[in-house]
Structure formats: C-alpha cells, structure tokens
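Enquirer: Protein chains in written order, with our numbering: chain A, 22 to 116; chain B, 25 to 521; chain C, -5 to 471.
These are calculated hints, taken from the structure and not from any lab test. Incorrect hints may appear among the rest.
Just some of the chain B residues that point at chain C, by a computed CB distance under 8 Å [as the list claims (entries may be wrong)]:
(1) A132
(2) R227
(3) A265
(4) S348
(5) L372
(6) Y404
Pairs of lysine-lysine, DSBU-like flavour, derived with a Cα cap of 30 Å [what the hints assert, rightly or not]:
(7) K455/C - K416/C
(8) K363/B - K31/A
(9) K74/C - K31/A
(10) K361/C - K416/C
Quick list of the computed label-pair ranges, beta carbon to beta carbon [to be verified]:
(11) N154/C - K31/A: 39 to 47 Å
(12) F400/B - L129/C: 40 to 48 Å
(13) E23/A - G478/B: 40 to 48 Å
(14) P262/B - P287/C: 31 to 39 Å
(15) D140/B - K31/A: 45 to 53 Å
(16) F400/B - E180/C: 54 to 62 Å
(17) P72/A - L129/C: 44 to 52 Å
The structure displayed is predicted, hence computed values, not measured ones. C-beta: ideal position from N, C-alpha, C; glycine also.
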Amino acid sequence: MEITKETVLKVAGLAKLNLAEEEAQRLAHEMGKIVGFAGKLAEMDLEGVQPTTHAVKLENVFRADEMQPSYPREEILANGPERDEACFVVPKVVE
Amino acid sequence: MDNMQKQELASLTLTQAAGLLAKGETSSSELTQLMLERIAASDNNAYITVNAEAMAAAEAADARRRTGQSLSLVDGVPMALKDNFCVRGMKTTCASRMLENFVPPYTAAVAEKLADAGTVLLGKVNMDEFAAGNATDTSYFGPTKNPRDPRRVAGGSSGGSAAAVAEDTAYFTMGSDTGGSVRQPAAFCGVVGLKPTYGRVSRYGVVAFASSLDQVGPLNKTVEDCALTLSLIAGCDPRDASSLPSPVPDYLAGLKGAEGLKGLRVGVPQEYMGPGIQEDIRQNVKKLISDLQAAGALVEECSLPQLEYALGAYYVISSAEFSSNLGRFDGVKYGYRAKGYDGYDDMLRRSRSEAFGDEVKRRILLGTYTLSAGYFDAYYLRAQKARTLIIEDFRRAFGKYDILLTPTAPVTPWLLGTAFADPSQVYAMDMCTVSVNVAGLPAISVPWGVDRDGLPVGVQLIGPALSEDRILQAAHGVEALANSGQIPGQKGGAAHV
Amino acid sequence: MSDYKAVIGLEVHAELDTASKIYCGCTTAFGGEENTHVCPICLGLPGALPLLNRKVVEFCIKAGLALNCKINNYSRQDRKHYFYPDLPKSFQTSQLDLPICYDGYLDIEVNGQTKRIGITRIHIEEDAGKLIHGLTGTRVDYNRGATGLIEIVSEPDLTNPDEVYAYMETLRQVLLYTGVSNCKMEEGSLRCDVNVSIHREGEPFGVRTEMKNLNSLSAAKAAAAYEIKRQKQVLAEGGDLFQATLRWDDAKGINYVMRVKEHADEYYYFPEPDIMPIVITPEEVEAIRATLPELPKARQQRYKSQYGLSDYDANILTVSKALSDLFDQAVACEAPAKVCANFIMGDITRLLNEKALQPEEVPFGGKELAELANLISQGAISSSAGSKVVELLFQPEFAGKAPKAIVEEQNLGQVSDQGAIKAMCQQVIDANPKVVEDYRGGKKQAISALVGQVMKASKGKANPAMANQLLEELLNG
Ligand SMILES: [Zn+2]
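Looking at chain A on its own, in the form it has when it is part of the complex (with noise of 0.2 Å):
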C-alpha cells in the first residue's frame, strides 16, 4: 500500500504534528508497510458482516440525572500550563 508524503503531510495537519520534509518521507515508508498489514483485510470476504464496535454485549448502560458536587477550581486548574485565577488562558482565538 502507497502512502505518499503528501498524504502525510496532509493527515499531519489534521493531527496537529509539524513535520519536516523528510521526516514526512520517513513516515510515508513506514505507515505504507504498517499499513500493508490492514491491506490483508482486503482479502477478505466481509459482505453482509456486522462491524462490531464494542467488545462486550452490553447496552444501555446510563447513570440517573443526579447531581454530584464538582471539583474544586484550584484542583481543576491545577495542571493548566498557562491559567489565571479562574480560567485556563490560551493565545487569542479569533473566531
């Protein structure tokens, strides 16, 4: 299976991973032969088969409208790298 260095580069930016050049060529051989093990699927015949989503049978699994007490803001900012005493702050966004 063909990745190219474009398709990296392009799949990068929608992971939000800067790359160099060649750092996107290294990868483009790496994910095609990766990839090469996914293309076995391709062998297979999968008409009419249900994808399965979850590894157990379980369904509706909810939790009552209840409310619990939240954490406190220090502990919820705690590990923000930039913060100030109520917000986490991030540069400007412009929407």
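Based on these hints, arrange chains B and C with the ligand on the given structure of chain A.
Expert: Relative to chain A, chains B and C with the ligand alone:
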C-alpha cells in the same frame, strides 16, 4: 538482617509475604524499606516515580495489623502501578514528556481498590510512551532493562511492571494490556501476566490507549499470586460503562496444580505455530503439549483461519482509537505547552510535536489516516467487520476446547538498541497476543522454560469470556509442570519457592 | 435575478433541562463562577470515562415524538474530532449515522398558510465550553462544557426569512411544551445554524453557506434575509459563491466570513467505544409518548371548538405553555373561558412584562383566576376592579390571598343597588346639561360620557351596564 536474608525476603511471593505478615514474622515497614532500598540500588530503570508516602503507608498498615484491623489478607504488601494509572496527588507521566509534570486530582478505580485492601504503593513504573510499543524503549525516561539479561529489552508496554516483579522490587504490579502489553513483558521477564476479559476490571482512571481493547491486568511471581491479585481488582465498576456486571468467582478455589489439567481440552492454533515463531520457542511449546498429555489433558492441533487478519484489524482499530484519545493533549488544560508560539494553532502544533515521541506520532498519524475521509471504509470499517469474524472463530474453537495454547511471543527478548528495518517488523512481534484483545477475551502468560540463550519463554493460555478461573487453573497446572524441573534451564516459579 | 429561489435548512441546538451534565454529575446551572462546575470527566482528564445520562436520551425521544419523528431502535454515539480550546477532549461526543430520532416534521404557519417542514434527524451530543476573548489571550471556562444538547436538523424546506422565523418560533414553543429545554435564547440554551443556498427552478442546488450560532429569532431571520440578498447580488454581478462558514453580526446587520471550507468535511468520526449502544424498545417509546403534554396545535383546536375562542385568542393563549396551563386550570374550575382568556392576554401579560417575569412566574393559580373571572361574570365587580385585583395579586403582600377576600378588603365590590345608581345618574344628568342636550339632539353616543361620569362618581364600583340602562331611562323618560 544480612544480605542473604534480605534476598530471601525480597524474593517472597505475594502469597508468602502475606503469610509472613499474618504470622507477624515480618512487617510492612520492613518489606517496604527493603523494596525502596532495592529500587534505589537497581540499574534496570523499572521505576519512574517512587512514592514519598510509601513508608508512612507501611507504618499505617503495621498499626492496623497490631490492632487487629487489617483491611485484607494483603494489607501492607508493597506493590507498584504502571505509570498510566492515575493516583491523586502523584505524578502520572505515561512515560511521556507531554505529562512529565501531570498530577491528577483523582485516582483510578483499581488503584483505589488496592489502597482499600491496604497494599502499599511503592511508586509508578516505566512503560512505553502512552503504552505505544512492545519493548518499553519508547519511554521518555529511557528504556527499562530486562532483569534476566540487562542487555535486553523487558518487553512492553508494561515493561516496568514486569521488570519490577522479576527484579523483586515489588511483590506484584499492575499493568495494562491493549495488544499484549501485560503478557508479552511477563513472558520476556519470566513472570506471570494476566489480561482479564474486557470489562472484568475497571478501566476508570487508567489513561486510555485504545478504549475498546484496553484492559487492566496484574503481573505476578506465581499463578497463585495472580489469582489472588485478580480477586482484589475484578468486579463491576459503575464508573466504567464497559464494566461487566457478572459476579466474581473465587479464583483461588480451582488451583490444583497438575491435577487441574486432567481432562482439560486444549486446542493449539496452528496459526501461531508457524515459521513466524522462533524455532526453540516452538520446541518448548511442543514439549509442553506432550507434558500436558502426560498430565491427562486432551491436546489437539486446531485452526482459527481468521487469526491471520487479527494483526491488521488490531493495528487499524488501536491506532484509530489511540489518535482519538491523544487529541486531548493540546497544551490547554494540562500537559506540556511549547514556548515561543505564535497563536493558538501554532501553540497546539508545537506542543504536540515537541512533547510526543516518534512512536506516538507514528500511531497518531496512522490512526488519523485510517479514520480520515476516503479511508474509513477501507480500513476502520473493514477492521471492525474482521473483528466480528475473529470473535466468531474463537467462539467456534471454544465449542470444542476449554482453552487455547499458544506461545506468548514469537521471539525472546531482543537486545536493546536493535535496529529494525522498519516499525512493521516490531509490530509483527505482537502477532500472538493481539487477537485476544480484538475479541475481548482473557489470557494469561506463564513462564515455560528458556530458549537456547537461557532467555525466558512464556506460553499463553486463552479462554472464553469470563473464564479467568479456568485459565488460572490451567496456568497453575502448567506452572506445576514447570516447577517439576523437567524443562532444561527452567527457573520460572521454582525460583520463588 | 429575481427568479432565484432560496433553499434554507436549519440546525437547531437546544440545551437539555437536565439537572446534571450529559456524562458526569456536574450541575448544568447557568452562570456559576468560571470553572466551578467541572470534574475530571467534563474536563476530559486522561483516564476519566463518560457515563451517559439516561434523561438526555429520554428527552431526545420526547422531543422527537413531539416533532413526529421515528425513533431508532438501535442507536449509538460517535466521536467527532476537531481541535478547539473549548472542546476539552478534542472530540465532541455526538451521533453520526444512527441518531436517536429521524424522519419527522413540524407544521408552521406563515400568512395564514400552513406549511410542513421536514425534520431530518434529532441527535444527542455535548455542548462545548465558553471562550472569553480578551485583549491578549482567550480565557476558557468549561462550566457549560458537556451539557447535554439535542441537535434538530431540518430538511432544506424553508424558502424565505419569514418561514425561518415561524419555524424557530414554533419549534421553540414545542420544545417548551415538552419541557426538554428552557429555550432561553439569551443564555444560549437555544441556538441555530442557518444554511442558505439559492438556485433557479429546475437547476441543482447552489453553493451553500452556513451561519453559525444565531441566538435570537430575529437574528436568524435577518441573517437569512441578508444572505439570500448577498448571494443573489454576487451572482447578478457575475461573481462566484464559495462554501463558507459565516458569522452574523447582529449589531451591524451583516454577515462576515469565519472560514472558507476547503474540504467538504474535515471532521472524522468513529463509534464512541466508551459508551455502550442505546437500544430503545417500542414499549419504552410508548411510555415516553404517554408523558407528552397536549401540544400547542391541539390546544388551539380545543380552545376554538370547546370554548368558542377566536383563532387569534387561541394562538395567543398557547404561545406560552405556562399561561395556557393557567387558562386550562381556571376553566376547569368552571370559570367563563372568554373572561379568563382576556385576563391572561391582557392584565396578566402586561404585568409579566412590566415586572420582567417569566410566564411560569405568575404568582397565583387557576383557582384564583377562576374565582376572579366568576366575580366579573356575576357582576359582583367591574372589569376595572378586576384589573385592580390582578395588580394586587402580583404584589407580594397579597400572595396567596383569594380574590374575593381582596375585593372585600379593598372595598372593590360593584354597586348594583338600583336606587343608589339611579341617584348618581340623576346627579350626573343635572351636572352635565351640555352633554344631555347633545344626547337629546340625536348624538346617542354622548351617553358613554355620562356613564363614564357615573363610574367616576362611584369610584369604578357602579355596574356600568346598569348605569347605562338607568341613564337611558332617565333621559328618555
Ligand atoms: Zn463534570
């Protein structure tokens, strides 16, 4: 205490340590002190973080025992957690630069259960970065060395968990297994590793790799220890929607040594006995087959033809879920944030690019690629359909056999720094273990002899969903055969008796 | 240029009125201090797992039934991936190809004509947090994050801005009736995305633009109107339209481009592995259907046929479920329907507006309204005294008092004593010779001025009908 005594105390099994604690012949403080000394002295890099509160916890356990208020049989036994289990107030790094300074405000369900049983948390052990790998060589904090041969890898991703048990720096550890991450390092380090049925043990608070494949599992010195540990952590957790409501049986009750093998119907899938398997490993498994037969088991070759697609299905599903689960690391709420960025998007890209290692990036890209428009049907959807067929294949096999027997890994631990032509060769090493995760089944790896270089070999026993009691019983039998000393060079569980 | 037709579809997001968020126990209360309604789950901490709120599913089914949808027996949640600081997990847990509800409709009325608008689907998903833009940075507050939402997607059946307005208004009314959302647009509880394209009859649909997060009915209508006009103008000038997301500036009354979409769909989805599939049996659907209140359309019919109210009255009365409920409760206590309706549409609505209260906040019930209406119809008080009683009922010190007691206490009872009124009438005739002269000269309507004088003299308590009759007798006698 002289060094001999210390060594003896350190090499106790969990069951033995619990027994000595009960008799008052040792204390949690003594065991914990000993473990901390050994951790400090070890060069294997099994630990990332040592718990500063460990001695205090040990002293509290001793105080409980003195007043007859022990929380459980294992109250006071020192243990360690893989560094993807969140523990409130303690760093949880996932062996990544991304989470180098992350201190979660909450605790994983399993960590809570183990604390409730009174066990003493020694610290957090090394792993592949975000569990992506099978050699614990992608850790930001350096690779873990294999205590059986420090030039070699410990396996992964729970390499620190396996090494800590093997080097006697914990009486047991917890790992997580997405495609073999408990079983393969257990095999590489010569210890026991169990991957329970998907949903048997709560995933709550364990940093996710691939949510539909991940399962928490223990690493132990013996099968008995493993059964004991599983009984501490198994059960339904209302915080994990995939948690199974089935009752938890007595996992220790069925352990009967080689006796337990009588009449056991064992299938040996030929798909895992082919040329991809290292020759001496195959010979070891054949020796086991004849020993099992001698012990009264009914062993047969069998075929699960869909298994050859398991690796492909596994890498598609696991990478897709991995890329999704790792999107949250964006430098906003927690984790690494780059410096000198220009705007939000640049901050996001730089933070992720600087803090994730190569293997993590590779899998994120692979996952994003297989999910992105135009490829979804060819990869992700096909992989999920293949998953259905693989599950059916196993179901058919378990109509005929009680358990399936395979090598845990196609190879024994390779030398640290081995250059592989490309990552797909490393990924192929997971061939024997991934199908179990794809199907959500329980499986255990038990030490079974050594290869020609004296490196540990593990065999894998797979059972149908929720048959942990059955595979533990079988594994206990295999362990008894190993300890009977018929395998040349075998140490396995014997060393601990 | 004028032969272009607009094709408009709406995606409406309604925040559900549950106590807790969709996947955790944090409160959904509006307006708490920043980041105080947050826990590991809704902050998307690694390792934390979602647990779906059952009520979110029930509310979605309820809304679906009210909008004539079919309910999927098997449904599930999917992850929709994109990066933005208000989305803590970098994916929104939503639904892709198996929404809970599908294939419904909503009838709207524009210029007296009924039009049926198709509802493509209704699915559940989580809301995002709030971004507070400052001069140097953007602050992120996750209080609103992971509040349960339903997204109601219409067919592109709307053709003009008036229909957009009517659709939103009717939809809002239905959602309020079902109680699934408080629909407070000023708090962002109800928002809509408007998709607009134009094309000529018989030709394929044109290039579509999307206006996001419109938070008032008038903004939705104005944005659609502006966009149709703009697209027509671009084509008239020979320009090209491109697919884009626009932002409506309500203050300036213009749309501006947020971003141009290069790819049709940059999101990627897959089934949420941490949430188990949702299976809904026909019995469960029927059980929820049984809890549906009578919807506005049905009520309007009933008001017309059962109480003989006009179209206009029936429509106004049912705008708010709370006021409509008040009406139903009052007539259930054997009160005259028209008098009750007049109180609700008149004094009560006026006082709610003056005091900036919600319809749910009327400080008395149907029993009180019925008592009041009966006092009027029995002639025990005048209608102006009735207004006075309503006004007093809105004051805290009269809370819980019976209208009869207030009438007595405040001496508002109507004088129907013929002798007393006759005497007053005579005084008024004597004091207003000019008006009497006009009346006798043929200007019969001059009598109303005299009735007014009688009412004034009696401080509003005289029975006006009786005063009118007695004046006529005296003047003609
Ligand atoms: Zn929360």
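Enquirer: Next step is simple, just say for each hint if it's right about the structure.
Expert: Now for the hints, and whether the structure bears them out:
At its closest, the beta carbon of A132/B sits 6 Å from a beta carbon of chain C; the interface hint therefore holds under the 8 Å criterion. With a least beta-carbon distance of about 7 Å to chain C, the hint placing R227/B at the interface is held under the 8 Å criterion. A hinted interface residue such as A265/B counts as satisfied when its beta carbon comes closer than 8 Å to some beta carbon of chain C; here the least separation is about 5 Å, so the hint holds. Here the hint on S348/B is kept, as its CB sits about 6 Å from the closest CB of chain C, short of 8 Å.
Taking 8 Å as the C-beta contact cut-off toward chain C, the hint placing L372/B at the interface holds, the least distance being around 6 Å. For Y404/B, the interface hint holds, since its Cβ comes within 8 Å of a Cβ in chain C; the closest pair sits about 6 Å apart. As the CA atoms of K455/C and K416/C are separated by approximately 14 Å, the hinted pair is consistent with the 30 Å bound. With a C-alpha separation of about 24 Å, the suggested pair K363/B and K31/A falls inside the 30 Å cut-off, and the hint holds.
Restraint check for K74/C and K31/A: the C-alpha separation of about 18 Å stays at or below 30 Å, so the hint holds. Only pairs whose Cα atoms come within 30 Å are accepted, and K361/C paired with K416/C is rejected, the gap being roughly 35 Å. As the Cβ distance of N154/C to K31/A is approximately 40 Å, the hint placing it in 39 to 47 Å holds. As the Cβ distance of F400/B to L129/C is approximately 42 Å, the hint placing it in 40 to 48 Å holds.
For E23/A paired with G478/B, a C-beta distance near 43 Å keeps the hint of 40 to 48 Å intact. At roughly 33 Å, the beta carbons of P262/B and P287/C sit within the given window of 31 to 39 Å. Distance hint for D140/B and K31/A: a CB-CB separation of about 49 Å, consistent with the stated range 45 to 53 Å. A hinted range of 54 to 62 Å for the beta carbons of F400/B and E180/C is inconsistent with their spacing of about 40 Å.
About 49 Å separates the C-beta atoms of P72/A and L129/C, a value consistent with the hinted range of 44 to 52 Å.
Of the numbered hints stated above, those contradicted by the structure are hints 10 and 16, listed in ascending order.
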